[in-house]
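Chains as they are written, first to last, in UniProt numbering: chain G, 1 to 200; chain W, 1 to 200.
Rather than coming from a laboratory, the hints here were simulated on the basis of the structure.
Treat the hints with caution; some may be incorrect.
[What the hints assert, rightly or not] Below are the DSS-like pairs computed for lysine-lysine, each with C-alpha atoms no more than 27 Å apart in a straight line: (1) LYS161(W) <-> LYS145(G); (2) LYS103(W) <-> LYS52(G); (3) LYS109(W) <-> LYS109(G); (4) LYS66(W) <-> LYS142(W); (5) LYS115(W) <-> LYS142(G); (6) LYS161(G) <-> LYS66(W); (7) LYS109(G) <-> LYS73(G); (8) LYS73(W) <-> LYS145(G); (9) LYS52(W) <-> LYS145(W); (10) LYS142(G) <-> LYS110(W); (11) LYS145(W) <-> LYS115(G); (12) LYS142(W) <-> LYS142(G); (13) LYS192(W) <-> LYS103(G); (14) LYS38(G) <-> LYS103(G); (15) LYS161(G) <-> LYS110(G); (16) LYS142(G) <-> LYS52(W); (17) LYS145(W) <-> LYS109(G); (18) LYS52(W) <-> LYS103(W); (19) LYS109(G) <-> LYS161(G); (20) LYS103(W) <-> LYS142(G); (21) LYS103(G) <-> LYS38(W); (22) LYS142(W) <-> LYS103(G); (23) LYS103(G) <-> LYS145(W); (24) LYS103(W) <-> LYS161(W); (25) LYS192(G) <-> LYS103(W); (26) LYS109(W) <-> LYS110(G); (27) LYS73(W) <-> LYS192(W); (28) LYS142(G) <-> LYS73(W); (29) LYS109(G) <-> LYS142(W); (30) LYS103(G) <-> LYS52(W); (31) LYS161(W) <-> LYS161(G); (32) LYS142(W) <-> LYS110(G); (33) LYS142(W) <-> LYS38(G); (34) LYS145(G) <-> LYS110(W); (35) LYS73(W) <-> LYS109(G); (36) LYS145(G) <-> LYS145(W); (37) LYS145(G) <-> LYS115(W); (38) LYS145(G) <-> LYS103(W); (39) LYS142(W) <-> LYS115(G).
A quick note: this is a predicted structure, and the numbers were derived from the prediction, not measured.
Protein chains: 2
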Amino acid sequence: MSPFNNQKDINVPITISHMVRLIATLGTSPGGIFESYKNLINGTYEEDNPEKIRVDEVYVIRTADKSVEFAWKLVKAIFVCCGGRDVAIYDIPLSITDIYSRKDYLLFKKEVENKIREGDFVDITGGRKSMAAAAALSAMRKRAKTITTIIPQPEYNRIQKEIEGLKSREAEIESAGDGRCEGISVCSLVSKSALTIMLT
Amino acid sequence: MSPFNNQKDINVPITISHMVRLIATLGTSPGGIFESYKNLINGTYEEDNPEKIRVDEVYVIRTADKSVEFAWKLVKAIFVCCGGRDVAIYDIPLSITDIYSRKDYLLFKKEVENKIREGDFVDITGGRKSMAAAAALSAMRKRAKTITTIIPQPEYNRIQKEIEGLKSREAEIESAGDGRCEGISVCSLVSKSALTIMLT
Chain G
1 MSPFNNQKDI
11 NVPITISHMV
21 RLIATLGTSP
31 GGIFESYKNL
41 INGTYEEDNP
51 EKIRVDEVYV
61 IRTADKSVEF
71 AWKLVKAIFV
81 CCGGRDVAIY
91 DIPLSITDIY
101 SRKDYLLFKK
111 EVENKIREGD
121 FVDITGGRKS
131 MAAAAALSAM
141 RKRAKTITTI
151 IPQPEYNRIQ
161 KEIEGLKSRE
171 AEIESAGDGR
181 CEGISVCSLV
191 SKSALTIMLT
Chain W
1 MSPFNNQKDI
11 NVPITISHMV
21 RLIATLGTSP
31 GGIFESYKNL
41 INGTYEEDNP
51 EKIRVDEVYV
61 IRTADKSVEF
71 AWKLVKAIFV
81 CCGGRDVAIY
91 DIPLSITDIY
101 SRKDYLLFKK
111 EVENKIREGD
121 FVDITGGRKS
131 MAAAAALSAM
141 RKRAKTITTI
151 IPQPEYNRIQ
161 KEIEGLKSRE
171 AEIESAGDGR
181 CEGISVCSLV
191 SKSALTIMLT
């Protein structure tokens, strides 16, 4: 678990009880997490009474699968290079590579449930459907809010194609995640027409 | 909503309070519903103490999208022609074609929640992730059980390919759904290595 940017700890007094976290599941595509984050902080999400949310921390829960790890590196690079430097983002890789059994599911559910606190936002956009169910059920139990971000299909296909082209440039993406954004462009992986909706 | 086979009503006395229903979401692939049904009735699903479940009715909740409607016709043909004639299966098409907004989500959730009763089994394998979340959350609220069926990726890809080849034979698939199974083979769309797991 490694924050890549927590300078805000120096400047802003933190009241622990009001920390709002975004807990997101991740699959093989970075799709949605950054868009969810932006829509929350800008108050541009669909709910009865949406308001601007100050998100203090982002936790990304994922499997140990190689292509999911690559997706994590993209998410980190996108946050660093495309306007998400103000938030601390944490990687939570699990020991499993996919959900192949009830045992895998229960391990995943335990991890996500342990991470969620009342008032958090839980983004179920990434990963397997069983992960989405685990996260949504845990959120309900912990009185957190569940969200998902919808990216129009043609836009999603374009982004997937771009990701394919970036697979040979993993080292540069890692560098971007560490703050050296000049070498590579990852911001076109962010959808401008993403819609975030509240599910609870 | 049309049952295609409820002969059991004639032969078996039904105690309404013990009717067990399988409520399933459906996307563009028939994937999983029949496998879930078979695994429930055979008691071959992953839970702490699995037992054989007598499923009386299957409800399939889906959008009005054309390719989803085609998937419904495949599901019906599979039940009729591949060993699921003993159960009544109902089609619940909604007015929306996809979940594009919170309004669509709330409509979908209301429909699925209205359908679920305590003790039912809710299969979230088919359809969008937001549909899976809606169904899982509704199941929790109604004290129903949530399940999903995992089909190994190579098997899933093979089945998807076969479905593509069947798209030009919609009339024959409809006939199969009405009991005339000779003309077309749909049982190879059923995975023999599908694993059903209890999510709650």
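* What hints, given by number in increasing order, does this structure fail? -> As far as the earlier hints go, 1, 4, 8, 14, 15, 16, 18, 19, 24, 28, 33, 35 are violated by this structure, in ascending order.
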